[in-house]
Amino acid sequence: MPQIDEDAELKAFRNEARAWLDMNFPSSLRGRPVAIQGSSVETDGDAAAWKQRMADKGWGTPTWPTEYGGGGLSAPAARVLQQEMARVGAYNPVYISLGLTMVGPTILEYGTPEQKRRHIRPIVRGERVWCLGYSEPGAGSDLASLQTRCEDKGDHWVINGSKIWTSGAHHADWCGVLVRTDTTAKKHEGISFILMDMHQPGVETRPIQMIGGASPFCEVFFTDARAAKEDLLGDLNVGWTVGKRLLQHEASQPGDSRAGPPRGEPLQTLAKRYVEVDSEGRIADSDLRARLTHNLMHEKAHALTISRAHAESRGNASPTNAVSMLKASATIIAQTRAELTLELIGMAGLGWEGEGFSDEELQFVRGWLGGKAGSIAGGSFEVQQNIISKRILGLPELTQQS
Numbered sequence: 052m053p054q055i056d057e058d059a060e061l062k063a064f065r066n067e068a069r070a071w072l073d074m075n076f077p078s079s080l081r082g083r084p085v086a087i088q089g090s091s092v093e094t095d096g097d098a099a100a101w102k103q104r105m106a107d108k109g110w111g112t113p114t115w116p117t118e119y120g121g122g123g124l125s126a127p128a129a130r131v132l133q134q135e136m137a138r139v140g141a142y143n144p145v146y147i148s149l150g151l152t153m154v155g156p157t158i159l160e161y162g163t164p165e166q167k168r169r170h171i172r173p174i175v176r177g178e179r180v181w182c183l184g185y186s187e188p189g190a191g192s193d194l195a196s197l198q199t200r201c202e203d204k205g206d207h208w209v210i211n212g213s214k215i216w217t218s219g220a221h222h223a224d225w226c227g228v229l230v231r232t233d234t235t236a237k238k239h240e241g242i243s244f245i246l247m248d249m250h251q252p253g254v255e256t257r258p259i260q261m262i263g264g265a266s267p268f269c270e271v272f273f274t275d276a277r278a279a280k281e282d283l284l285g286d287l288n289v290g291w292t293v294g295k296r297l298l299q300h301e302a303s304q305p306g307d308s309r310a311g312p313p314r315g316e317p318l319q320t321l322a323k324r325y326v327e328v329d330s331e332g333r334i335a336d337s338d339l340r341a342r343l344t345h346n347l348m349h350e351k352a353h354a355l356t357i358s359r360a361h362a363e364s365r366g367n368a369s370p371t372n373a374v375s376m377l378k379a380s381a382t383i384i385a386q387t388r389a390e391l392t393l394e395l396i397g398m399a400g401l402g403w404e405g406e407g408f409s410d411e412e413l414q415f416v417r418g419w420l421g422g423k424a425g426s427i428a429g430g431s432f433e434v435q436q437n438i439i440s441k442r443i444l445g446l447p448e449l450t451q452q453s
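Sequential numbering of the sequence shown, starting at 52, is according to the numbering used here.
In case anyone wonders, no lab produced these hints; they're calculated from the structure. Please note that the accuracy of each hint is not assured.
[As the list claims (entries may be wrong)] Derived lysine-lysine pairs resembling DSSO-like cross-links, with alpha carbons at most 27 Å apart:
no.: 1; residue 1: K323; residue 2: K295
no.: 2; residue 1: K204; residue 2: K323
no.: 3; residue 1: K62; residue 2: K351
[Claimed, not checked] If you anchor each label on the Cβ, the simulated ranges turn out as follows:
no.: 4; residue 1: Y325; residue 2: E433; range: 30 to 40 Å
no.: 5; residue 1: Q133; residue 2: E404; range: 30 to 40 Å
no.: 6; residue 1: N75; residue 2: E255; range: 34 to 44 Å
no.: 7; residue 1: G123; residue 2: F432; range: 33 to 43 Å
no.: 8; residue 1: D206; residue 2: E433; range: 37 to 47 Å
no.: 9; residue 1: G332; residue 2: D107; range: 40 to 50 Å
no.: 10; residue 1: T356; residue 2: R138; range: 19 to 29 Å
no.: 11; residue 1: E433; residue 2: G96; range: 20 to 30 Å
no.: 12; residue 1: S266; residue 2: H345; range: 29 to 39 Å
no.: 13; residue 1: E118; residue 2: D224; range: 16 to 26 Å
The C-beta atom is built at its ideal place from N, Cα and C for all residues, glycine as well.
Build out the structure end to end from the sequences listed, making use of the hints.
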């Protein structure tokens, strides 16, 4: 069999992607930041046209199977596509979606053929919004203590209980819920993962206003909510395994948009608009220059770790050690960037509203405040550090000395 010249194939694909983007990406959207699920975003005009074109092409989920509407691309080709999208300032209209980043990959891995047929294509096309029912008022970092009950009623499930910090629940069509299906088993062994339709009388959502001014999280209450028997994802009472795998998909994402201000121009470029530069055009404050450089270096190292995790995962269904570190590193990098941003803009970083501040400056402040949640969202920083120390580094448990 002749050896495939992958470089030539990737070059041909690059030319194809470049031509398609030049023809299909509306120039009016160039440089637009990715919208977080549940935020107020434009849904008509050029934005709607771009979403439709990406959905038809399958490039919103470039590596997902074509039978479900995905692009069917190899990982190298997907990276080329990402590079070409960055070249023209294009964004993925369905990227920051829990369905695409977490629920979809988990259904592809654990779902039945019918579940995949029913749910994956609407996720690919950005037509169905998902949320996740994980944390509860009495079960946050110790998630396995959850008490939301799911009872088998013969031909359907009935769910009662509540969840908290549920991202985008007030906009969601469906929810992936961790529930207790066996109250007599050990707490990790009596949990199941249910796919639930949010549009029913037994589901109530209450948005929680955050310090940053937005309400991306909700309380969710289930009162005799129903789910079909075929909405069980994975095996009964093995939902803890499914739920952990979903969180590993979350950790493998490039970064955490909740952990800092919106990404725009490079930090070093922003700095030169606000602080003094020397005769050579460099930031005059050498200490500030060094800290900016360190943040950029850490971003680059994080990106390389993501690439390594993708490479290690080929042909390996189990998560790699690299994936476990990504959530923690993304949070540190984003929060440091937010702190540096406010330092750079000085007095302009005191604005909350009113005249005297640009929209960009106000967003920097709100993003900095909202980014504090990155330390606990998706699993607290301390819990992540414990996972790294015990499962990756093999460090022993600390014991108290009497």
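Hint check:
1. With a C-alpha separation of about 43 Å, the suggested pair K323 and K295 falls outside the 27 Å cut-off, and the hint is violated.
2. A hinted pair counts as satisfied when its Cα atoms are at most 27 Å apart, and K204 with K323 does not qualify at roughly 64 Å.
3. Taking the CA atoms of K62 and K351, the gap is about 24 Å. The hint holds against a cut of 27 Å.
4. At about 34 Å, the CB distance of Y325 to E433 agrees with the hint of 30 to 40 Å.
5. As the Cβ distance of Q133 to E404 is approximately 36 Å, the hint placing it in 30 to 40 Å holds.
6. A C-beta distance of roughly 41 Å is found between N75 and E255, which places it inside the suggested range of 34 to 44 Å.
7. For G123 paired with F432, a C-beta distance near 37 Å keeps the hint of 33 to 43 Å intact.
8. For D206 and E433, the Cβ-Cβ distance of about 43 Å falls inside the hinted range of 37 to 47 Å, so the restraint holds.
9. Restraint check, G332 to D107: a C-beta distance of roughly 45 Å satisfies the suggested window 40 to 50 Å.
10. Distance hint check for T356 and R138: the Cβ-Cβ separation is about 24 Å, which falls inside the suggested range of 19 to 29 Å.
11. Judged by the Cβ atoms, the range 20 to 30 Å given for E433 and G96 is violated: they are separated by roughly 45 Å.
12. As the Cβ distance of S266 to H345 is approximately 34 Å, the hint placing it in 29 to 39 Å holds.
13. The beta-carbon spacing between E118 and D224, approximately 22 Å, falls within the hinted interval of 16 to 26 Å.
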